[in-house]
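**Q** Chain residues, written in single-letter form:
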Amino acid sequence: MITFKILRILKFIGRRLLYLLPQLMGVTIVVFLLVRLIPGNPAYVLLGQGASDEAVAVMSERLGLGKSIIVQYEYYIRGLLQGNLGDSWFTSNPVLIDITQKLPATLELITYSIIIIIALSLFIAKVTAIRGNKIVNNILRGYGFLAGAFPDFWLSLIIIFLLFTLAGIIPAPIGRLDISFISPQRVTGFYTIDSLLELDFKKFANAWSHLFAPVLALVIVNSAPILKMAQATIIRTQKEEYIKFAKDNGLSDKFSERMIYRNSLPPVLTMIGYIYIFMLGSSVLVENIFSWGGMGQYAVQAITHSDYAPMQAIVLISAIISYIVYLVLDIVYYSIDPRVEI
Amino acid sequence: MMKATNKGKRNFFIKKYINVYLIIGFVILVPLILVTFFADKIAPYDPTTVFSGEYLMGLSNKHIMGTDSLGMDIFSRVMYAPRIDLIIGILATSLGTIIGVPLGLFVGYFESRKGINGKISLVLIRILDVIQAFPVFILGLAIVAVTGQKVINVIYVLGFIWIPVFARLVRVETLRTRDKLFVLQERAIGQKNSVIIFKHILPNAISPAITQISTSIAASILLTAGLSFVGAGVRMPHPELGLMISIGSGNMITGQWWPTVFPGIILAILVFGLSMIGEGITISIDPRNWK
Numbered sequence: 001m002i003t004f005k006i007l008r009i010l011k012f013i014g015r016r017l018l019y020l021l022p023q024l025m026g027v028t029i030v031v032f033l034l035v036r037l038i039p040g041n042p043a044y045v046l047l048g049q050g051a052s053d054e055a056v057a058v059m060s061e062r063l064g065l066g067k068s069i070i071v072q073y074e075y076y077i078r079g080l081l082q083g084n085l086g087d088s089w090f091t092s093n094p095v096l097i098d099i100t101q102k103l104p105a106t107l108e109l110i111t112y113s114i115i116i117i118i119a120l121s122l123f124i125a126k127v128t129a130i131r132g133n134k135i136v137n138n139i140l141r142g143y144g145f146l147a148g149a150f151p152d153f154w155l156s157l158i159i160i161f162l163l164f165t166l167a168g169i170i171p172a173p174i175g176r177l178d179i180s181f182i183s184p185q186r187v188t189g190f191y192t193i194d195s196l197l198e199l200d201f202k203k204f205a206n207a208w209s210h211l212f213a214p215v216l217a218l219v220i221v222n223s224a225p226i227l228k229m230a231q232a233t234i235i236r237t238q239k240e241e242y243i244k245f246a247k248d249n250g251l252s253d254k255f256s257e258r259m260i261y262r263n264s265l266p267p268v269l270t271m272i273g274y275i276y277i278f279m280l281g282s283s284v285l286v287e288n289i290f291s292w293g294g295m296g297q298y299a300v301q302a303i304t305h306s307d308y309a310p311m312q313a314i315v316l317i318s319a320i321i322s323y324i325v326y327l328v329l330d331i332v333y334y335s336i337d338p339r340v341e342i
Numbered sequence: 001m002m003k004a005t006n007k008g009k010r011n012f013f014i015k016k017y018i019n020v021y022l023i024i025g026f027v028i029l030v031p032l033i034l035v036t037f038f039a040d041k042i043a044p045y046d047p048t049t050v051f052s053g054e055y056l057m058g059l060s061n062k063h064i065m066g067t068d069s070l071g072m073d074i075f076s077r078v079m080y081a082p083r084i085d086l087i088i089g090i091l092a093t094s095l096g097t098i099i100g101v102p103l104g105l106f107v108g109y110f111e112s113r114k115g116i117n118g119k120i121s122l123v124l125i126r127i128l129d130v131i132q133a134f135p136v137f138i139l140g141l142a143i144v145a146v147t148g149q150k151v152i153n154v155i156y157v158l159g160f161i162w163i164p165v166f167a168r169l170v171r172v173e174t175l176r177t178r179d180k181l182f183v184l185q186e187r188a189i190g191q192k193n194s195v196i197i198f199k200h201i202l203p204n205a206i207s208p209a210i211t212q213i214s215t216s217i218a219a220s221i222l223l224t225a226g227l228s229f230v231g232a233g234v235r236m237p238h239p240e241l242g243l244m245i246s247i248g249s250g251n252m253i254t255g256q257w258w259p260t261v262f263p264g265i266i267l268a269i270l271v272f273g274l275s276m277i278g279e280g281i282t283i284s285i286d287p288r289n290w291k
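One line per chain: the protein sequences are R and S, in this order. Counting from 1, one number per residue, gives the positions in the first sequence under this note's numbering. Counting from 1, one number per residue, gives the positions in the second sequence under this note's numbering.
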């Protein structure tokens, strides 16, 4: 029975992956066209100001300029398959290297934020919706509207002002560690994990203290829609006939509670995935405020210096990450609710 | 007698459509909009005037909300600033609605039907999917960077981002409506597809899009502020809320809070008012809430 279930899930994953290919192709077309939209020779555009004639000639060759747009796209895809995302003229590194260095910083930030948001919404769901406390419910609804109205970059600045400038309880909002610390040997790229692997607990604590403020800002703003949604869904599920039926049949509260949880999960999960992707974008602003050195800061740096190769790569990679998140969500979805078809 | 029925009608209207969210929303937004559109008459100073020598002045009678690091009066700037954000939000959302709604109707009506229209709608769905794969802010940032930092480009970019959102909402409702009896009836007597879509399906499929409108305006305003904050939206010296926060951000750490705090609060009030109206509309167009 269990092997049968696993087989079914594997089949689902296979079908879902097949479906992913054309989507990825669409994404690469958009990213490819993005740079061609800029007026001027794409070779110049990608190389930046002050490129030598030879460099332009080499780049034109590599982009397949002069050939048809389809052939150019083919060149671009070939490059991608070889892991070639172009070079950044501003950092003079291959973009792939820059991004593999910077992406974990961003992911660390938004992953911890989403974990806290999930924990928070579970807790809130338990104490308010299921217990049906009206006052707490209304406070929560108010919070949902209010917190969602504040821009996260503004909130970050307020947190810095209150906790750093006035109270002095968080470290200076510059980077992921105090200057006196060397970044830990890279294993996962998450400083909180890597420092633990080195058994350097001071560094571990320091990494957390730097994470605190940006995570707080992201959690306050982005938990609002999820909490609102979780609350609404649970209240709606409570009114369903089958819950009433279960209760009328004398099934325990605990049992109906579990039923409510399980049936409220799918829409909330979708929302969580959506917010994770949204944070990948909006963390750009928070990262800039905290000089986080992640992908978001890299993106702004690329844009202010008209450095188009990294920009193109960031757009591509963020889309790929969002596809991975949606894929994982679909699999979770499918394993809890087998009625789902693609 | 006549009067009485009118009164009855009015009461019915109030009970049917007006709710506390709408009232809160209007109470917040109407004064804000009036102030910002009559800012020329009310504001004490021109928003772009630089008071040389009066940089980062604290709150005083001359400058109620102080001045920023460039010596501009924050109170005057805060009065002008929501104007551009609102205009961008409204125009971008209109663009998204005007293109997204017909697109959603078309896609939903012809999806998985035979013929050329069915194939087109399949392709369109895939294109919409692809646009939605990108994190909103990153896509917006990249397109503004590519097309140039002009206000009109910000409107186009945000409008572009809203197209799939509106199309999707309308598509789902269209799919639900297209096999209802009254639609099949029209098809059976050979009614033109365009008439069926706009006369019979549109009124039944539009409500989720209507509730999305004020949410989209609010989100557009937040996105515009974010883009301006990193220098990819409205540019100096134009008064805009995100830009004002950005100018003040450097001084926050040294304790000059006023250039940042005031525009942020106005921004939050604006967005809060819009989301209240959004919630109010959601409730009032849902027949289950009509008493």
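These are calculated hints, taken from the structure and not from any lab test. Every value quoted in this text rests on a predicted model; they were computed, and no experiment measured them. Don't take every hint at face value.
[To be verified] Each pair of labels, with its calculated beta carbon distance range:
| no. | chain 1 | residue 1 | chain 2 | residue 2 | range |
| --- | --- | --- | --- | --- | --- |
| 1 | S | Pro237 | R | Asn41 | 32 to 42 Å |
| 2 | R | Pro266 | S | Ile98 | 51 to 61 Å |
| 3 | R | Ile139 | S | Met236 | 52 to 62 Å |
| 4 | S | Met236 | R | Arg36 | 54 to 64 Å |
[Claimed, not checked] Stretches of chain S that chain R covers, calculated by requiring three or more beta carbons in the stretch to come under 8 Å of a beta carbon on chain R:
| no. | region |
| --- | --- |
| 5 | 192 to 202 |
| 6 | 221 to 229 |
[Claimed, not checked] Here are the simulated DMTMM-like pairs of lysine to aspartate or glutamate, each with C-alpha atoms no more than 20 Å apart in a straight line:
| no. | chain 1 | residue 1 | chain 2 | residue 2 |
| --- | --- | --- | --- | --- |
| 7 | R | Lys228 | S | Asp46 |
| 8 | R | Lys134 | R | Glu54 |
| 9 | R | Lys239 | S | Asp286 |
| 10 | S | Lys62 | S | Asp46 |
| 11 | S | Lys119 | S | Asp129 |
| 12 | R | Lys202 | R | Asp178 |
The beta-carbon is built from N, C-alpha and C at its ideal position, and this holds for glycine as well.
**Q** Given the hinted pair R:Lys134 and R:Glu54, is their Cα-Cα distance within 20 Å?
**A** 72 Å, violated
**Q** Starting from R:Lys202, check that the Cα of R:Asp178 is at most 20 Å away, please.
**A** 11 Å, holds
**Q** Are the Cα atoms of S:Lys119 and S:Asp129 separated by 20 Å or less?
**A** With Cα atoms ~16 Å apart, S:Lys119 and S:Asp129 stay inside 20 Å; holds.
**Q** Does S:Asp46 lie within 20 Å of R:Lys228 when you go C-alpha to C-alpha?
**A** 41 Å, violated
**Q** Holds or violated: 52 to 62 Å for the Cβ distance of R:Ile139 and S:Met236?
**A** 40 Å, violated
**Q** Decide if the proposed pair is consistent with the structure: S:Lys62 and S:Asp46, CA atoms, cutoff 20 Å inclusive.
**A** 13 Å, holds
**Q** CB of S:Pro237 to CB of R:Asn41, is that within 32 to 42 Å?
**A** 34 Å Cβ-Cβ, so the 32 to 42 Å window holds.
**Q** Counting residues of the region 221 to 229 of chain S that have a beta-carbon nearer than 8 Å to any beta-carbon of chain R, does the count reach 3?
**A** With 4 residues close enough to chain R, the hint holds.
**Q** Against the range 51 to 61 Å, how does the distance between the Cβ atoms of R:Pro266 and S:Ile98 compare: consistent or not?
**A** Roughly 32 Å apart at Cβ, these two residues miss the hinted range, so it is violated.
**Q** For R:Lys239 and S:Asp286, compute the direct alpha-carbon distance and say whether it is at most 20 Å.
**A** 18 Å, holds
**Q** Do the Cβ positions of S:Met236 and R:Arg36 conform to the proposed distance bound of 54 to 64 Å?
**A** 30 Å, violated
**Q** Report holds or violated for chain R covering the region 192 to 202 of chain S, Cβ cut-off 8 Å, minimum 3 residues.
**A** Violated, because only 0 residues of the region 192 to 202 of chain S bring their Cβ atoms closer than 8 Å to Cβ atoms of chain R.
Checked against the numbered hints given earlier, the structure breaks hints 2, 3, 4, 5, 7 and 8 and satisfies all the rest.
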